[in-house]
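Colleague: What follows is the residue order along each chain.
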Amino acid sequence: MSSTHTTTTPNRLLGPPSERGRAHRWGSAIAFEWTKLTGVRSTLWLVVTGTLLTLGGTLLIGASARASGENGFETAAPAPLFAVQTISFTQVAVLLVAVFAFTAEYSSGSIRTTLLSVPGRGRVLIAKSVVLAAMSVVIGSALVLLGTLTAAAAAAEYGTFTGPQLGHAVLGTAASLALTSVFVLGIAAALRSTAGTILTMFVVLYALSSVLPIFGQDWLTDLVKYLPGTAAGVLVTNAADPYGWATALAVLAGWAGAGLGVGYLALRYRDI
Amino acid sequence: MIELDGLTKAYGPKKAVDNLTVNIQPGKVTGFLGPNGAGKSTTMRMVLGLDRTTAGRARITGRRYVDLVDPLRTVGAVLDGRAGHPGQSARSHLLGIARSNGLARGRVPAVLETVGLGAVGNKRLGTFSLGMTQRLGIAAALLGDPAVLLLDEPVNGLDPDGVLWIRGLMRSLAAQGRTVLVSSHLLSEMQDTADHLVIITRGRLVADEPMTTLLAKRSARAATIRTPQAPAFAAVLERAGMSVTTGADPALHVTGEGLEEIGALAFEHGHQLDELSFRRPSLEEAYLDLTGADLEYTSRPVGSPKEPT
Chain A
757 MSSTHTTTTP NRLLGPPSER GRAHRWGSAI AFEWTKLTGV RSTLWLVVTG
807 TLLTLGGTLL IGASARASGE NGFETAAPAP LFAVQTISFT QVAVLLVAVF
857 AFTAEYSSGS IRTTLLSVPG RGRVLIAKSV VLAAMSVVIG SALVLLGTLT
907 AAAAAAEYGT FTGPQLGHAV LGTAASLALT SVFVLGIAAA LRSTAGTILT
957 MFVVLYALSS VLPIFGQDWL TDLVKYLPGT AAGVLVTNAA DPYGWATALA
1007 VLAGWAGAGL GVGYLALRYR DI
Chain B
6 MIELDGLTKA YGPKKAVDNL TVNIQPGKVT GFLGPNGAGK STTMRMVLGL
56 DRTTAGRARI TGRRYVDLVD PLRTVGAVLD GRAGHPGQSA RSHLLGIARS
106 NGLARGRVPA VLETVGLGAV GNKRLGTFSL GMTQRLGIAA ALLGDPAVLL
156 LDEPVNGLDP DGVLWIRGLM RSLAAQGRTV LVSSHLLSEM QDTADHLVII
206 TRGRLVADEP MTTLLAKRSA RAATIRTPQA PAFAAVLERA GMSVTTGADP
256 ALHVTGEGLE EIGALAFEHG HQLDELSFRR PSLEEAYLDL TGADLEYTSR
306 PVGSPKEPT
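In order, the protein sequences belong to chains A and B.
Residue 757 is where the first sequence starts when you use our numbering, and the numbers rise one by one after that.
Residue 6 is where the second sequence starts when you use our numbering, and the numbers rise one by one after that.
Worth flagging that the hints you see were computed from the coordinates, not collected in a lab.
Every residue gets a Cβ at the ideal spot worked out from N, C-alpha and C, and that includes glycine.
Just to be clear, a hint being listed does not mean it is correct.
What the hints assert, rightly or not - From chain B, some residues computed to sit far from chain A (all C-beta separations above 12 Å):
| # | residue |
| --- | --- |
| 1 | Lys20 |
| 2 | Arg62 |
| 3 | Leu270 |
Unchecked claim - Computed spacing ranges between beta-carbons, pair by pair:
| # | chain 1 | residue 1 | chain 2 | residue 2 | range |
| --- | --- | --- | --- | --- | --- |
| 4 | A | Gly1010 | B | Gly11 | 42 to 48 Å |
| 5 | A | Asp974 | B | Asp10 | 40 to 46 Å |
| 6 | A | Thr794 | B | Thr59 | 37 to 43 Å |
| 7 | B | Pro114 | A | Thr794 | 16 to 22 Å |
| 8 | B | Ala180 | A | Arg778 | 32 to 38 Å |
| 9 | A | Val967 | B | Gly67 | 55 to 61 Å |
| 10 | A | Ala963 | B | Gly17 | 36 to 42 Å |
Stated by the list, open to error - One-sided excerpt, in silico: chain B residues whose CB lies under 7 Å from chain A:
| # | residue |
| --- | --- |
| 11 | Pro76 |
| 12 | Leu100 |
| 13 | Thr251 |
| 14 | Ala253 |
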């Protein structure tokens, strides 16, 4: 190995300390997180897989709606609704990216490199959130648009839709993906372990809503309304039940904020 | 300059670092020594803001690490273990770090060349050997051209070539006026590299002195002499106040004050010397003298296994 390393000695003079203002630190921290997120292949694979599954699923649902419709069943619906039905594939992919954004740093030890470069722990958390939220918005909107076109083509006259319907689906999906991924990011920052974070994520996002009603207690059943999955469903489908999109946005933002809060407290007081 | 002022880290009742007060000066390589578990790494992590302090303060160029704007322009650190995502290339890893502190992109290829990884910049970190990982850590530390460097066991995993290189690197960084603090358990390596030593055991400071002073105080000098007239010359040396023991070969082993007079005494008394060698002062001896009684994990000879009773 030694023969491949030809080394030189740095002969620069002492560099000046930073003259940049403190304001630059936020942009730099975000650029850092963006470089890390896009610099690893697993991010690309997760996103590509999620995209293919979503678009493939949309095609099937659209075609199935058309076939059923042609056979006299009442299955016609606006194409954006077909598109958002398969957004779960993308959601899982984006959420896994959110999980690994923190847990991979702990398992690889790169969390120390991160904190040496950006010692403000809150800033690290916010920078990661901004990058993930932006990625979620772009991917979510793009997939709903593409999915709607795919479903509309496959469903033909059984998938006609209006502009506002498409707009709601795009914005709702983007917001729900972004807020859910920020929630998961906060949990990942607090729990550190990949397995623990994924388990928590599935319990809170998917399992609780079917488990809580089993106990037959009204308050537990009511609680289901305020789980992130329910709020995300309202945002994505623009449903009016159990509450409108504004409440849904507030509920989901609350979960995202709570996740970040837990993540921040854990980061703030932990030795790395 | 790194200033530790009453730095303390407690885990429950146990103090890993106990009221450590030391200033690490620029322009020198300062070796940071101590037995395993003495608190060297904990101290370094507190200086770097990774571990919270229980009491006291650690400041670099007058500020806490977390208060430095673009800290990599002031401090470069090499900690043990992997420092990046295994799926990321070396270049991308360093580029992210450069962006985080507003450093010029051009620094990335420059430091890759400096550490000898210029040819493998596009390889992913997961494929790197321990030695390459160590070199990459040094590249990251040099990225911001910092005035202060902290290196925790930097020669771990390096081949002899790499060990020699890093010794030269640390010497040249200190010669440029930078502050270089390096921990190591390789005493011989440290003896060749460090100008100044800070030694701790059980988190407490036991020495903070220049290498030369420490060796002079703690490592007894000794000379070995071969001469055809051994008994007669031994008597001469003893009269001059030295203590002499005769070895098997038969060489004379001399300790005590005035060893530098031996050659002159031989000339004066007409003795032929076939060998006159002075033992190099040993950091190992000085170190064991300072820390030996206070080892946290002392070893015992391996005995015969006990029968279960």
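Colleague: Mind checking the CB of Pro76(B) against every CB in chain A and telling me if the closest is under 7 Å?
Modeller: holds, 6 Å
Colleague: Run the C-beta distances from Lys20(B) to all of chain A and say if the shortest one exceeds 12 Å.
Modeller: Lys20(B) clear of chain A: closest Cβ-Cβ about 15 Å, beyond 12 Å.
Colleague: Could you see if the CB distance from Val967(A) to Gly67(B) stays within 55 to 61 Å?
Modeller: Distance hint for Val967(A), Gly67(B) holds at roughly 56 Å.
Colleague: Does the claim that Leu270(B) lies outside the interface with chain A hold up, using a Cβ gap greater than 12 Å?
Modeller: holds, 46 Å
Colleague: Over 12 Å to the closest beta carbon of chain A is the bar; see if Arg62(B) clears it.
Modeller: Fine: 15 Å to the nearest Cβ keeps Arg62(B) off the interface.
Colleague: Return holds or violated for the Cβ distance of Pro114(B) and Thr794(A) against the range 16 to 22 Å.
Modeller: holds, 20 Å
Colleague: Interface hint check: Leu100(B), Cβ to nearest Cβ on chain A, cutoff 7 Å. Holds or violated?
Modeller: holds, 6 Å
Colleague: When you take the CB atoms of Asp974(A) and Asp10(B), is the distance between them in 40 to 46 Å?
Modeller: violated, 60 Å
Colleague: Can you let me know if the beta-carbon spacing of Ala963(A) and Gly17(B) is within 36 to 42 Å?
Modeller: Once the Cβ atoms are compared, 37 Å apart, the range 36 to 42 Å for Gly17(B) and Ala963(A) holds.
Colleague: Range first: 32 to 38 Å. Now tell me if the beta carbons of Ala180(B) and Arg778(A) are that far apart.
Modeller: Between Ala180(B) and Arg778(A), where Cβ atoms are some 33 Å apart, the hint holds.
Colleague: Mind checking the CB of Ala253(B) against every CB in chain A and telling me if the closest is under 7 Å?
Modeller: violated, 41 Å
Colleague: The hint says 42 to 48 Å between Gly1010(A) and Gly11(B); measuring C-beta to C-beta, is that right?
Modeller: At 43 Å between Cβs, range holds.
Hint compliance for this structure: hints 5, 13, 14 are not met, and every other hint is.
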